[in-house]
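Trainee: These are the residues of each chain, in order.
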Amino acid sequence: MEQRSLDGLDHSNELGPEFRQLFMDHKKSVFAMALSILRDYELAEDVLQEVYIKLFKHMRHHDISNVKGWLMSVARNTALDLYRKKKREVTGFDNDYFERVQDLPKDPADKLVLLKYLELLNAEERQIITLKDITGMKHREIAKILEIPLGTVMWKYSRALKKLRKGLE
Amino acid sequence: MEKDQFIKHLNNAMENQVPDVWDELTRKIQHMEGERNGKVVHLKDKRIPRTKKRNRSKRLSLAAAACLLAISAFSYTPVLASIKEVYDKIFSSNHIDDTGLKTALSSGQGQAVNQTFYDKANDINVHFESILTDEKETKLLLTFQSKTTDLKNYNIDIFEGESSINLITGDVQRKKLKSVGWGSRYYDRKENKVAKALSFDSIKEYKGQNIRLEIKDITIYEEDGFGKAEALWPLEFMLDQSAVSTRETAEINQSFSYGKQTYTIKKVEFSSMETRVVVTGSDTKLLKDENGMEYRIMSKLEQQFLHARKIDKVYGYIVDPKKSGVFLKSAGEKVEPIFSKGEVAGERDEYLMIFAPVKDCRNTILEVGANIKIPLTK
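These protein sequences, in sequence, are chains A and B.
Take the first sequence: its position 122, counted from the start at 1, is 122 in full-length UniProt numbering, and no numbers get skipped.
Take the second sequence: its position 366, counted from the start at 1, is 366 in full-length UniProt numbering, and no numbers get skipped.
Chain A extracted, bound-state conformation:
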C-alpha cells in the first residue's frame, strides 16, 4: 500500500511540484475509474478535474496517508454522483464513444479491448478490473473501496476476465 503524505505541498497560487507529480502518477487510474462507471469520455474528464480539485482542497487541512486509495474512493463516489445527476446522458453505450475521444488508441487491438471492456462488462466488473489491473490494488483494498466482501471481489474479477477473454475470441 502506498504511504504518502501531502504535508508540505505548496498551497499558493503556484501549484507545487508534488501536486503535479500526484496528478501525473494517478491521473490514469482516476480517469479509468470514472470511465468504468460513466462510460462517457467527457464526463470522465470532468470527474478527473473535480477529483483533483477536491484533493487540492482536502490537503489544505488534512494529511492523506494513502493518496491512491483516497483518490480512487473519491473518484468512484464523484462518478457515481455524476452518473445519477447526468442520467440523461449516460444511459447506454454506443459507438459514438470513439468519436468523442480526443486521442484514439493507435493500436487497433487497444481499441478493441477497450470497446469490449466498455461493452461487455457491467459497471462493477469494470471497477474491479480498473482497480486491480490499472491501479494495481490488492483484492483486499478493492473490497474496502467497493464495500463488498473479499470473496465476492475475487469471484467477480475472475468472471470479468472470463467475459473479456470470451468476447475477444
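Hints may be right or wrong, so weigh each one.
No farther apart than 16 Å at their CA atoms in a straight line, the calculated lysine to aspartate or glutamate pairs in the EDC-like style are these [said to hold, decoys possible]: (1) B:K300 <-> A:E124; (2) B:K136 <-> B:E248; (3) A:K54 <-> B:E33; (4) A:K162 <-> B:E2; (5) A:K163 <-> B:E2; (6) A:K85 <-> B:E350; (7) A:K162 <-> B:E33; (8) A:K85 <-> B:E294; (9) A:K116 <-> B:E2; (10) B:K228 <-> B:E347; (11) A:K85 <-> B:E347; (12) A:K86 <-> B:E343; (13) B:K288 <-> A:E147; (14) A:K54 <-> B:E294; (15) A:K57 <-> B:E33; (16) B:K266 <-> B:E350; (17) A:K166 <-> B:D4; (18) A:K54 <-> B:D289; (19) A:K28 <-> B:E248; (20) A:K162 <-> A:E125; (21) A:K86 <-> B:E160; (22) A:K156 <-> A:E141; (23) B:K175 <-> B:E236; (24) B:K3 <-> A:E169; (25) A:K166 <-> B:E2; (26) A:K144 <-> B:D289; (27) A:K111 <-> B:E15; (28) A:K85 <-> B:E343; (29) B:K8 <-> A:D107; (30) A:K85 <-> B:E160; (31) B:K204 <-> B:E162; (32) B:K285 <-> B:E350; (33) A:K28 <-> B:E15; (34) A:K85 <-> B:D349; (35) A:K132 <-> B:D4; (36) A:K106 <-> B:E15; (37) A:K54 <-> B:E24; (38) A:K163 <-> B:E367; (39) B:K285 <-> B:D349.
By construction, these hints were calculated from the structure, which means they are not laboratory data.
Fit chain B to the known structure of chain A by using the hints.
Mentor: Coordinates of chain B only, in the frame set by chain A:
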C-alpha cells in the same frame, strides 16, 4: 488473447485516452484560490454543457417537415384560429417529448395568453401561447422566430443554461422560478422558429392576480460551451382558473423488492400534467464519503426506469417499445414515463418516477419489469 495481453492493451488504451487537463485544472484551482483570497479573477467558463452539446444535434435536428405542413395546411383559415390550431399542433405533436403536456393539451387544459413581443436587439418575434399550472409545476408554451438571427442554437434553457425566468407580482416582489425537468424544445429549421415548453415552479398561488413573468437571456449553444444573448421577454396577464389544475395525492406506503433492494412507494400524486410516484429504498439514500461529500448512486429501480428510454434523433426522449422498464397501467392502458422530468429531485432519500397522467387514479398499477405489479391504492 491471453489475460496479460488484453490487460496490457487495456492499459495502453486508457493511457492514450487520459485527457490533458493539467492546464485547465491549474487555471481552475488558481481561480478558486483567487476568489478565496478575495481576488476576483474572471475566467471564461469553458465547461461544455455536455448534455446539450451531445444532444443538441438530436434535439435541434428536430427538422420541421411535419410542422411546416401543419402551418401550410392552416394558412387559409382565419388568422387567430389558424395560429391557435398551429400552435396546438406543435405542442401536442410528437416533437414535444412530454406525454404529460400533450395529454393535458388534448384534454383542453391551459389558459391562452396569446401575446406577442418583439425583441428588437435580437430581431426575434416572441409569441406566448398558453400557460398551465398546478401545485408542483408550471408549463409556459411559447414560440420565437426571426428572419435575420439564426435560432438553430438558441434556447431558453433555465435548467443548466444562461436563461432564467422571474415572477413579478403586484407588490413588486421578484422571485426566480426554478426549472422542473428540462422542458421541451423543437426547432423548425425552415421557419427558423423555436417552439419551447418551459417547465418551472408552480405559480398556482397567484390565481386571480395580475402577474408578470420575465424571461431573461437566451442561451446559445456553442462548440466550446454556451454563451448568451441578452434579452428580456415580458409577459403580463391575469392568472385565471383555466390555467389551474389540482393535484390529488394518495398515501400508499407499500413495499416491494427489486434487484435485491427494498423499496417503499410512499405516495402517488395525480395531476392533469403527470403522475408522480414517490419512492424511498435501500439504495436511494444520500451517502457520504470520507471527504464529507454527499452523493447518490443510481438505484436499481432508477436503472430499470431508464432502461426503456430511447434517445430518438427526431423525437427526443421516448420509450423504446422493445425494452422493459417501469410503467403504469391505468384502466387497462399502458402509461409512459416522462423522461424529460428525469432530473426532478425529491426530498432527501426520495426517488421520483414521473409518468403521463392516468385515466383512472383508482385503477392504476405500477409495473416494474415483467413480474412486479403493485396496485397504487391506499
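Trainee: All hints are to be evaluated individually against the structure, with a verdict given for each.
Mentor: Comparing the hints with the structure gives:
1. B:K300 <-> A:E124: Distance of about 13 Å is within 16 Å: holds.
2. B:K136 <-> B:E248: holds, 11 Å
3. A:K54 <-> B:E33: Given that 16 Å is the threshold and the Cα spacing comes to 13 Å, the pair holds.
4. A:K162 <-> B:E2: holds, 10 Å
5. A:K163 <-> B:E2: Satisfied, since the Cα-Cα distance of roughly 12 Å is no more than 16 Å.
6. A:K85 <-> B:E350: Given that 16 Å is the threshold and the Cα spacing comes to 14 Å, the pair holds.
7. A:K162 <-> B:E33: violated, 47 Å
8. A:K85 <-> B:E294: holds, 13 Å
9. A:K116 <-> B:E2: Between K116 (chain A) and E2 (chain B) the Cα gap is close to 14 Å, so the pair holds against 16 Å.
10. B:K228 <-> B:E347: At roughly 32 Å apart (the allowed maximum being 16 Å), E347 (chain B) and K228 (chain B) break the hint.
11. A:K85 <-> B:E347: Answer holds: K85 (chain A) to E347 (chain B) is near 15 Å, not above 16 Å.
12. A:K86 <-> B:E343: holds, 8 Å
13. B:K288 <-> A:E147: Holds, at roughly 13 Å.
14. A:K54 <-> B:E294: holds, 13 Å
15. A:K57 <-> B:E33: holds, 10 Å
16. B:K266 <-> B:E350: holds, 9 Å
17. A:K166 <-> B:D4: holds, 14 Å
18. A:K54 <-> B:D289: Holds. K54 (chain A) to D289 (chain B) sits at ~12 Å (cutoff 16 Å).
19. A:K28 <-> B:E248: violated, 51 Å
20. A:K162 <-> A:E125: Holds. K162 (chain A) to E125 (chain A) sits at ~11 Å (cutoff 16 Å).
21. A:K86 <-> B:E160: Holds. K86 (chain A) to E160 (chain B) sits at ~11 Å (cutoff 16 Å).
22. A:K156 <-> A:E141: holds, 15 Å
23. B:K175 <-> B:E236: holds, 15 Å
24. B:K3 <-> A:E169: holds, 12 Å
25. A:K166 <-> B:E2: holds, 10 Å
26. A:K144 <-> B:D289: Holds, at roughly 13 Å.
27. A:K111 <-> B:E15: holds, 12 Å
28. A:K85 <-> B:E343: holds, 7 Å
29. B:K8 <-> A:D107: holds, 12 Å
30. A:K85 <-> B:E160: holds, 12 Å
31. B:K204 <-> B:E162: violated, 25 Å
32. B:K285 <-> B:E350: The given pair, whose Cα atoms are some 7 Å apart, holds under the 16 Å limit.
33. A:K28 <-> B:E15: holds, 6 Å
34. A:K85 <-> B:D349: Holds, because 14 Å separates the two Cα atoms, which is no more than 16 Å.
35. A:K132 <-> B:D4: Between K132 (chain A) and D4 (chain B) the Cα gap is close to 13 Å, so the pair holds against 16 Å.
36. A:K106 <-> B:E15: Given pair K106 (chain A), E15 (chain B) holds - Cα atoms ~11 Å apart, limit 16 Å.
37. A:K54 <-> B:E24: holds, 15 Å
38. A:K163 <-> B:E367: violated, 32 Å
39. B:K285 <-> B:D349: holds, 4 Å
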